[in-house]
Structure formats: C-alpha cells, structure tokens
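Here are the chains, one letter per residue:
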Amino acid sequence: MEYVGIIVAAAVAVAFYALSVRSSLKNALISGILGGTSYGFYLLLSNYVNPITSVFFATLTGCLSAELAARWAKTPATVFSIPVIIPLVPGLMLYNTMLKFGQGDTAGGGKGVVDTLILAGGMSLAVTLATLIAKLITAIGKRIEQKK
Amino acid sequence: MEAAKDDCVVLAIKLGEGVMRAGGETYRAEECCERVLSACGASEISVVAFPTAILISADVDGAHRTEIVSIKHRSVDLKKIEEYNGISRMVAEGKMGVDKALAAIRSSDKERPFLSIAFTALAAGFFAFVFNGGVWDFLPTCLITFIATAFKHCADRLLTLNFLSTMGSSMIVTALARFTVAAFPVCSQEAMIVGGIISMLPGLALTNSLRDTISGDFISGAARMFEALVTAIVLAAGVAIVLSF
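Chains as they are written, first to last, in our numbering: chain A, 2 to 149; chain B, 175 to 419.
So here's chain B without its partners, still in its complex pose:
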C-alpha cells in the first residue's frame, strides 16, 4: 500500500509536468495533480505550477511528501493535454488504477516530427491562399515552410534558446520567399511570408497567458505574456532584417 501511495505522488507530478510541457494551462496542470492526490487520500495538498517548474506538497499516510520537477523544454501537444487530463479524471473517478495510469503515461506515443512538420507546411499553403495568395503560391509556401519548420525543429534540439531558432526560421521563410518571387514573379511574396510565419506566431502563449491570469496564476500569466511578446518581436525582426536588404 505504501508503494501505491508513493506512486500516487509520482503519478501526480508526472501528469502535471506533462500538461505543462505540452503547453497546457497552469490551472489545468494543478487540477490534474490535485485530482490524483485527492483520489489517493492525500491531505494538505498544495500544488504550484509555473511554465518552468512544478512543485507538489502533500501529506500521504501521515508522511509529508514534496516533489519538484524542473521544466526545461516546452512544446505544443494538444493530444497530450487531452490524454493527461483524461487520465487524471479517470484516476479521480476510480476508473483507472495508479499503476495503469503510470503505464499509460509511459506508453503514451511519442511525437512524430516529420508528420508535424508536413502538416505545418500544408497549413501554411492554405494560409497563403487565405492571405491574398493565388493557387500558384500553394506549393512554394508549403516547401518554404517545410524547410523553415525542419530547421526550427533541429535548432530547438541543439539550442536551449528557442527564440534564436524562431528568428532563424522567420529569416529563412522571408529569404526563400524573396528568391521564389525573383524566380517566379507570378508568386506573391506577401502571401508566402505570412503563410509561412503564421503558425509560428505565439497564439498559444497569448491564449494561455490570459487564461492563467484569469485563473489567478499571475506569475505564469506574466511569464507567458512575456514569452508571447518576445516571440512576436523576434519573428518580426527576422522578417524585417531580410526585407531590409
């Protein structure tokens, strides 16, 4: 039983960490942890989540437990947010045991970067059409975005500074769009650049920063708002630098 209670704390922090890593809201990560700990009979539960760390403190069977996990890398993974939220609910409702939940987390399928990059490129192609582009802009936008997103993915793995990779990829999009227009004047530079950078714009950070602020998580809200602002600035700077030549 003791082992199961220990697993409970491990499960709670893994769920919270997973939600934060996947780009979920702070209150959702905290709720996931609290749900699991309450279901395990823990008392004096205290969970604090930030975009960079998550802390849990609870009394489990009379013993006080504290867990801290540092979060270095964050991405957007809607499937994981949904999955982890579902697991915490099932554990809370008694439909899933702690062991099964831990196994589900371990077997949770890994990210497939190629598919993600390909879908981003296709989305960019259609966005180019939305932003005043023609049918002939579709293929170049897809190719340009594919190259820029692949670069961003590789750079994110090598560098800890995600902002540099964002700036680099916006520069690649702009430079390749200019080359394409020089080679094929029928293409629209505006549509290709906007289509290429729109998926990199900080929509998630902006949405979550506001949701966090409304929920009373002011530190997370402010941190994410700052992240959104810096991302927008570096994206815009990348475009401006290439356009100025």
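Chain A extracted, bound-state conformation:
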C-alpha cells in the first residue's frame, strides 16, 4: 500500500517523459501505465532479491509489455520501450556515486561505479532478451501463418 503513491508518480513521470520526446497522447498514456507497472514490479521484487535481479526482471517485464503494446497499437516498439525503462535507469545510484567522489571517498565512489555498471549491464541484458523473445515469437507466428 505504501508503494501506491510512488507507482502513480512513476507512471505520471513516464507519461510526461514520453510527451517530452513527442510521443502521442495515447502512446504516452500507455507508456505511463507500463512504466508505472514495471516500476511497481521492481519495488515489489526489491523486497525479496538484490537490486540487480529486481532491475533485470522489471526491465524484462517492461520491455516485453512494450513489445506487446507496440504490436497492439501497430507502432514501433521503441515508442514504448524507451519511456518505460526510464525510471529503472540507475540515476540514484549514479548520484550517490558522484556524491562519494565529491566528498573525497574514492573507494566508495569506485565501488559505486562498479555497482552502477553492473546494474546498467543487467538492464541491457534484459532489453536484449526481451527483443530476442519478441523476435522469436514473431518469427514463429509468421511460420505458422505460412503453413496455414
């Protein structure tokens, strides 16, 4: 229940971000719903698993739902996947890392850089996996249609 406000804020933020990169109102609303849901999924998972695993699965869910929404709306997947992953980008981690460097804590900052890179790597892997799954499903669907 404590997460509801944050999830709604994430959804609204994603919708405004989508509008800022000239998405249509309909697509911005869809992006907002998907972005809020995947961020909620991240918050839920982060109670049970480490941040890297939760970001990985939240990004995977977000990108897969973006691929599905793109097929439904007959629009390129990028239109949804770019705004959807924005709240999951490790901005807070990057800030804390830079704060440590600014305070002269080089060891802490170095660890932060490694953590941020690993998290970004996890996100990249999830984006890659989602695209591959979507491509695979599309290819199988086309084959089935051809056989018919």
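Covered stretches of chain A, going by a simulated chain B footprint (3 or more residues, C-beta under 8 Å):
| hint | region |
| --- | --- |
| 1 | 21-32 |
| 2 | 77-83 |
| 3 | 90-98 |
| 4 | 123-129 |
Just so you know, the hints here were simulated from the structure itself, not pulled from any lab data.
Every value quoted in this text rests on a predicted model; they were computed, and no experiment measured them.
Every residue gets a Cβ at the ideal spot worked out from N, C-alpha and C, and that includes glycine.
Fit chain B to the given chain A structure using the hints.
Coordinates of chain B only, in the frame set by chain A:
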C-alpha cells in the same frame, strides 16, 4: 514516370534520414528505405545506415542510383519515428502514392521546444517524488529542470558538441539544487538532482545500441554504445564537479 521513380529514391532516403535523426533503430531506417524502393520496382537494393550517415544504392529502371545523406544532428522524436515508419508501410502497401508521401514528410509538424521542455520539467518533478523526494520537492525540481533543459536546448543549437551542453545542464541542475537546499533545508538535494538528470541519462542510446547489435548492425551498435557511455560520464562529471565544492 521517370520523375516518379526519381522521387522514389528521394522519398526512401528522406524516410531513412528522418528515422535516424529522430533516434530510431538502424534496422528500422534501412527497412523503411527498402520497403519504399521495393514498392517502386527497384532492384539490387542496398541500404546502409549509420548514426552519422545513410547510403542508398539501387537499380531504378535500368539506371543505377546512389544517394548519400550526412546526419549531423540527432534528437529523440518518437512521433516522427512512428509517422515515417507508417508512411513507408503505406507506400509499400500501395495505400499512399510517392507524391503524397513526400508532401506528408514536408508537412510533418515541426518540434515545439517549449512544450518539450515543459513536459521534461513536469516529468522531473514526479521523478523527484519517485526517488525519495517529498511534495515540497516537486516545484523546485520542475523549475530547476526547466532552466537546465532550456539551457541544453539553446546550447545544442549553438554548439556541435552535444556532450558539453549535457555536462553544462547537469552542472546547472546540481548547482541550483544546492542553492535551493541552502535556502529551503526542507527540500531534498538528492531527489532534485536525480529527478533533474534522469531524463538526460542515455536510455535511448543504450536501448538502440543493443537493438542495433542484435540486428547485426555492429558499427551502429558500437557507436551508440559509445555515445551512451560518454553521455553518462559527462553527466556524472557535471554532478561530481559541482558537488566537490
């Protein structure tokens, strides 16, 4: 008919260039060009797109045509990616003629910077709330991001080096956040800075670099990955420089 075939090549390269300029994936830009050229009956079609240029080579009515366009400026415009992708599909399906498609590209509405900056500022306000901020962080974050994004927009027009404007705007966000916290200690510096810089983080470059790599466009993938890395470094450096004072 000859003029129409020539227009076809022009349309193909304009669509490809538009998709690349709007931040679309390399394979999408190439597909848009190939679709249009195939619909016009061209053969021996070869399209190569990079983040900085697009090249088309095709045999149209027995004559060989080659077109190259250099791409100097890139931005993020999801509407244009959708529009241009749709135009190429309609031309391929015969639902839209080449002339109409060219007219549609010409009449495609231009970017409205003020709206874009205002939406970015509003998004930042809500992101501040997501990243441990309170309701009192909303307005300062919106204002700070509005100023920083407006600066970035103006600097991008004046400078060819986008990285400098990114670094400058992250410095502005951090400096203004520190001033705000000094004046109103109830505000959260962390939430304001993260909210302000998150929309500048290279999410698009990262996503597209991976999509390009998966599609076999290794040069574009590597170039965009490098762009994402440098953008993240300059953003972080901008924050670190101001925080160190």
